[in-house]
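S.K.: Here is how the chains run, residue by residue.
There are 2 protein chains.
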Amino acid sequence: MDGRPQTDSERITLAHGSGGALMHELIGGEFLKHFDSPELALLDDAAEIVVASGRLAFSTDTFVVKPFFFPGGDIGSLAVSGTVNDVLMKGARPLCLSLAFVIEEGFTVGDLRRILKSIGETAKAAGAAIVTGDTKVVGAGEIDGLSVNTAGIGVILPDIRIGGANARHGDAVIVSGDIGRHGIAVMAERNGLALKEPVLSDAAPLTNAVLPLLERFGPAVHVLRDPTRGGLAATLNEIALSSRVSVVLEEEAVPVARDVGAVCEILGFDPFHLPCEGRFLVFVDGDSAEDTVAFLKESCGCPDAAVIGTVERAKSGEVLLTTVAGGRRILDMPVGELLPRIC
Amino acid sequence: MDGRPQTDSERITLAHGSGGALMHELIGGEFLKHFDSPELALLDDAAEIVVASGRLAFSTDTFVVKPFFFPGGDIGSLAVSGTVNDVLMKGARPLCLSLAFVIEEGFTVGDLRRILKSIGETAKAAGAAIVTGDTKVVGAGEIDGLSVNTAGIGVILPDIRIGGANARHGDAVIVSGDIGRHGIAVMAERNGLALKEPVLSDAAPLTNAVLPLLERFGPAVHVLRDPTRGGLAATLNEIALSSRVSVVLEEEAVPVARDVGAVCEILGFDPFHLPCEGRFLVFVDGDSAEDTVAFLKESCGCPDAAVIGTVERAKSGEVLLTTVAGGRRILDMPVGELLPRIC
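Chains V and A are the protein sequences, given in the same order.
With numbering that gives the first Met the number 0, the residue at position 29 of the first sequence is 28, and numbering never jumps.
With numbering that gives the first Met the number 0, the residue at position 258 of the second sequence is 257, and numbering never jumps.
Among the hints, erroneous ones may be present.
[Claimed, not checked] Lysine-lysine pairs mimicking DSS-like chemistry, simulated, CA-CA at most 30 Å apart:
id, chain 1, residue 1, chain 2, residue 2
1, V, LYS314, A, LYS32
2, A, LYS314, A, LYS195
3, A, LYS195, V, LYS65
4, A, LYS65, A, LYS32
5, V, LYS32, A, LYS314
6, V, LYS65, V, LYS32
7, V, LYS123, V, LYS314
8, V, LYS65, V, LYS116
9, V, LYS195, V, LYS296
Hint data in this document are derived by calculation from the structure and do not stem from the laboratory.
Please read all numbers here as calculations on a predicted model, not as lab measurements.
Take the sequences, apply the hints, and build the full model.
M.R.: Right under this line is the structure:
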């Protein structure tokens, strides 16, 4: 279905969300052309996808990040990366995505178009097709701009058993790169912080890092998790609790870029609580730790990958931080409001 | 993970959405107990589901209906029914759902609990497990209460080829029950209309109507579609366009309950434009029309099912209405804003 072309300055109206003629123009004219998706073009109530027999990973996230555009990304690239990465963290090859917008009446077609373009490009890079969707328009003041929900399906690779409860005594804990970029990129933009060089968000789909890793190290990988909301601190606490182990981190081993560290000091953030949207944690057999890091650096596009800790037996899960001075302190689950609308 | 019990009058705060300790309390204390879902309880980034080799249906919708509670349903029952029904309309048995909330700071725990209870009960009735989810909390004024997104996966039944482009010359068009209840239930509640007997929404999962129908009539069914946003008018126009046929409706044959018709007159609505959330259209071989209606009445819980029209060859898709007087007029795709926040 072809839609009437619209100018960037036109605005979305309630009629665009009503199921009538204008909605069909919007979908035909804007949505379909950004996504190379024969399945979506059928405009059926549901998409048909074909899978081989097996285990699927299924995940969803709604994105409400503010501002919608930030250095290194936007709500569109984030909405694809976030869900694709959650599917990857289960050891699955991303297959397809759904895409659901809630848009405030008055939102510009130009901004929507930028977001759609970003979604299309990121989905292509991630190897996941947008196959089904939904668009609602609500009145002015009933939402702050727009929200984007994605749900994703992936096919879990053979012989992979990955989960937050699978960490074992002796595992090494590896991070794929420096932490906190996404949090700082968004907060600096939101606070109008005038940095000489903006900190770029790490938001990106991890398909081309995680799939080679799993193909190479397969069953030696026990846990994969991306440290999004709540950052490294929340993510490691969740894993420690689920697996009933202690995670012992070496504070100095955790890569934090100089500019991220500097902004953290200005804004009063702890880098361990800052979200990443393009980094992941790997819990792997201790024996494979060095090989895994080398492979991440050389073959997975993760030059800053590093071993940051180990797993120890424990009755109740906790995360311990070995400080430079040699002491150990508990790294708690974050408490309080932290960073609203960061993803 | 167990959470602290909360009282109905407590309010959701930004901290509930931050990925930290309070969020884990909310999920452990409220979400998990309403859904009997071992997969969800793992709290991994993605759920693992197992399917037999084959064709899957995948669909999503975000629900922003206002008010959240209305006669015959609420945003929770609607969020499950809407997506389950979209999966069913592809000829698939619903398997699982994702569930993603965006909640306004200050929303009461009591209202959230009512909605979660409704979601759990409706999902159970629909035969679909809630397996993965997400919760975001945004500031006061950044959303009007809450929105609920669901995405659903179903397994398409063998030998079924159903789609909006599959209507054929000679097909009979059947509706499973009276139309417009959902639209009237919500609009009457929103407008404070004091009806002696409230009109109840039809919102309900159609699993127990559609699956027996497909098992009995299988390949004779060419199109299934639920007339949601834009009502019968939009849905039939979409099918006519996709299939490049004319749909000829008999106006008098379309079941409209007396109370729905009465409220339509008061509020100035056309029942053909009103959404249903628990009715469906069946395009079936003309030869099977009477058998199909009889089966719907007797074995599918659809006592008001009726043949309402037929499909004719046409160059460009259109919907024609045969009026009581014997004339024919075009039933257009609805134009304009219609009914915002109806689903």
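S.K.: Which hint numbers doesn't this structure obey?
M.R.: Failing hints, ascending: 2, 3, 7.
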